[in-house]
Amino acid sequence: MFVFHRRSTALILSVTLLLLFIIVGCSNEGSSKDASTSSANDVSSSQSITMSWPRDIGTMNPHTYNPSQLFAQSMIYEPLVSYQKDGKLEPALAESWTTSGDGKVYTFKLRQGVKFSDGTDFNAEIVKKNFDAVMKHKDMHSWLGVVGVLDKAEVVDDHTFRLTLTEPYYPVLQDLSVVRPFRFLGKAGFPEDGDTSEGVKEPVGTGPWMLAEYKQDEYAVFKRNPNYWGTAPKIDQVTVKIIPDAETRVAAFEKGDLDLIYGEGVISLDAFKLLRENDEYVTQLSDPVGTRSLLLNSSNPKLSDVKVRMALHKGFNKQVMVEGITSGLEEAADSVLSKNYPYTNVDLEPVRYDLEQSKALLDEAGWKLPAGGTIREKEGQPLELEMIFDKTDPIQKAMAETIQAEWGQLGVKVNLTGLELTVQIKRLKANDFDLYFWYNYGAPYDPHSFINVVASPGFGISETLSAIPMKKELDDRVHAALSSTDETKRQELYGFILKTLQEQSAIVPISYIKKTAVYQKKITDFVFPANRDEHPLTGIEVGAP
Amino acid sequence: MISYIGKRMISIIPIVFVATLVTFALIHISPVDPAEAYLTAAHIYPTPEVLEQKRHEFGLDQPLLTQYLNTIKRMAKMDFGTSYLTNKPVWDEVKSRLPATVELALWSMLFSALVSIPLGILAAVYKNSWIDRVSRGISYFGASIPQFWLGYLLIFLFSVKLDWLPVEGRGTWENLVLPTITLSLVLIAVYTRLLRSSMLEQMQETYVQYARTRGLRERSILLKHVLKIAISPLITGMGMNLGKLLTGTIIVEQVFSWPGFGRYFVDAIFNRDIPVIQCYVFLAACLFIVCNLLVDLVQLYMDPRISTKGRAEL
Chain R
1 MFVFHRRSTA LILSVTLLLL FIIVGCSNEG SSKDASTSSA NDVSSSQSIT MSWPRDIGTM
61 NPHTYNPSQL FAQSMIYEPL VSYQKDGKLE PALAESWTTS GDGKVYTFKL RQGVKFSDGT
121 DFNAEIVKKN FDAVMKHKDM HSWLGVVGVL DKAEVVDDHT FRLTLTEPYY PVLQDLSVVR
181 PFRFLGKAGF PEDGDTSEGV KEPVGTGPWM LAEYKQDEYA VFKRNPNYWG TAPKIDQVTV
241 KIIPDAETRV AAFEKGDLDL IYGEGVISLD AFKLLRENDE YVTQLSDPVG TRSLLLNSSN
301 PKLSDVKVRM ALHKGFNKQV MVEGITSGLE EAADSVLSKN YPYTNVDLEP VRYDLEQSKA
361 LLDEAGWKLP AGGTIREKEG QPLELEMIFD KTDPIQKAMA ETIQAEWGQL GVKVNLTGLE
421 LTVQIKRLKA NDFDLYFWYN YGAPYDPHSF INVVASPGFG ISETLSAIPM KKELDDRVHA
481 ALSSTDETKR QELYGFILKT LQEQSAIVPI SYIKKTAVYQ KKITDFVFPA NRDEHPLTGI
541 EVGAP
Chain F
1 MISYIGKRMI SIIPIVFVAT LVTFALIHIS PVDPAEAYLT AAHIYPTPEV LEQKRHEFGL
61 DQPLLTQYLN TIKRMAKMDF GTSYLTNKPV WDEVKSRLPA TVELALWSML FSALVSIPLG
121 ILAAVYKNSW IDRVSRGISY FGASIPQFWL GYLLIFLFSV KLDWLPVEGR GTWENLVLPT
181 ITLSLVLIAV YTRLLRSSML EQMQETYVQY ARTRGLRERS ILLKHVLKIA ISPLITGMGM
241 NLGKLLTGTI IVEQVFSWPG FGRYFVDAIF NRDIPVIQCY VFLAACLFIV CNLLVDLVQL
301 YMDPRISTKG RAEL
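Taken in sequence, the protein lines are chains R and F.
With the UniProt record's numbering as the guide, the letters of the first sequence map in order to residues 1 to 545.
With the UniProt record's numbering as the guide, the letters of the second sequence map in order to residues 1 to 314.
It is possible that part of the hints are untrue.
Sample of chain F residues facing chain R (criterion: CB under 10 Å; computed from the structure) [said to hold, decoys possible]:
id	residue
1	Asp163
2	Gly169
3	Gln254
No lab work stands behind these hints, which were simulated from the structure alone.
Since this is a predicted model, take the numbers as computed values, not measurements.
The beta carbon of each residue, even a glycine, is placed where N, CA and C say it ideally should be.
Start from the sequences and build out the full structure, keeping to the hints where you can.
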């Protein structure tokens, strides 16, 4: 039996409520100071810029993946070799390098006088320490070709470092230029046991920027690294505001809180159009960073005939569709890989839109329209296919619907299935699809990663191509290209591979994807990085607002 | 009293048990493999070897029952494991995001009470007057406008055009204004109508006529007697909404870049970050029960008739 005191209950309740407010208020105080000193003041200062990013920058560990954001990792950490325009590889932390005649030994002369942001020296020993940390979790990184063939990583002398491979693999340098995992953490960042997979102590790198302030999910402030060996950035501070919503990003930009919005798909097509028409702002599109393609799975008997695949390729107006749906943000693609990668500047015959030819090809292949029917048939089977698309991607959805309508006129029935991305990938890997929107990896991963999946099962591409008549020959040439040490021969092999893919039409190029940048007029000298994953900030200048 | 609260708190256990079981089942029915989702999010191609290694790391290669029992065992010790995605203890991650969500929830609750209680009373007292019509207008608007759209409209007007308030972020009181209004409007819409009708109903009761005949002043009848009883459904509503607000206001957090719990949870769902999802379900279950208990305690205080009944039942 208890006695219920009304007044004391009221008191308890109000005190609880008050306490909650106080707790919340206190926990908030620290952040409010930070935010007002860092982000708010930056905008007015001409030596710094504020940009947005959709996600928190993550843990800034150079050797791990999600949730760390690539662009931020690339601000702090640097590679041995840097990937530049048109695939040119330039010295970064390695000043020069030599390759043995058999293509199995790479010797790097490291740049002298390089210091980490904490003042410690960059040398062969720390390079080895980083390689060891990465290779300790080899399986995690097996997607990167060089990891699979790396035999030994050795210190030759203080500024010489050597890699030995188990077999020749030409894209070693391209693989070393990617943002993760082969970039270099200073000694102070390593945990006691040297295993960085569980986290780093502090983000110490040799790059032009260092992380000065960070508030999870809110912002990150990067300051210029005073010890940077290269040309110092012209601005001294970059504040990255974490804004997950695309429309909010645009509002913050229009208000003047943001100087730069950069990335792939970071603002809606409509917002980009509006900002482009506004003279107060500058909008820019990059060179192609990847290709949006449609896979026509040749292992499906209905798609095994090249005539059917070619008919489908010719049977929709790519130019009009891409322009109409993306408002010029993407460009209609003539080949699976754009010409700005190494070895891909090959002359290929583009496949043109031609409805009549398309119908003729289907007739030739035996798929005929039955009297009074709208769907073509062969041996009693209707020409009906399923197209899988990512239901969260408005562009894919619009394209899927357009293609469905256009092929409908040919007498081909397309059923659309919208799926979650992970389910989609699962079906791709299981070879459980007819038509699938696929993207290549972009620079610096391509073209070698692309040809690798052409020949390696398990990625969906080799399966898509499995019923083309020259599949075996194609695979052999891919292996030859990846291990070749002769430039001319490699170029020849790439030529054959790209030409074959073009003629077989199992991978139908649709559009070239571009990065967008929208910025205030005070920013000058904005250049997109050649490496898809890197940041564009080092060259930026800020003029009078 | 204490034993009553104690009993109610103990009821958390079976509810959490059921909630985690359902979540666990749902996650495993879903065709998405958490290891695969992790790799996709990390832009790593899920080769069979990597997948197997990740599954082993996450303990997904164990029998379902073992996995579930392990989870329950850990939860009992308030250990929610490590996030698949960030590799940090889930509880630390949640703890760092909770204050932002709690702050927004409490302010929204407070603001909606401060607006809807006077508005509801006035709308009832001056039935069919202009103030009643205005309150009805606000309610229609608040109940029918989608929250994200309201958020954008407020941002566009007060931040971009008038430049009075920040677009996004957290830290100062200015940051709180727009998200609080966005969250509160729908609550105000409901509470005002709820209070109005409940007041009108009570005003027909005989005790009101009796009070009038006793010569009590109208204001004192309304505020001291009618309101005290009429406010009861509103308190129930607020308790339920508080639970909802505290478990994260996903859309508003997204629109205003509010660094709260809801945003974190949505990411966890997309990435099938099971430890995070389970921690969330656990917290949500607890919060709802605690909020309900709070409601009952307030009701007990406000309406002594319930308290006697309640006591008899105990």
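Ascending list of hint numbers which this structure does not respect: none
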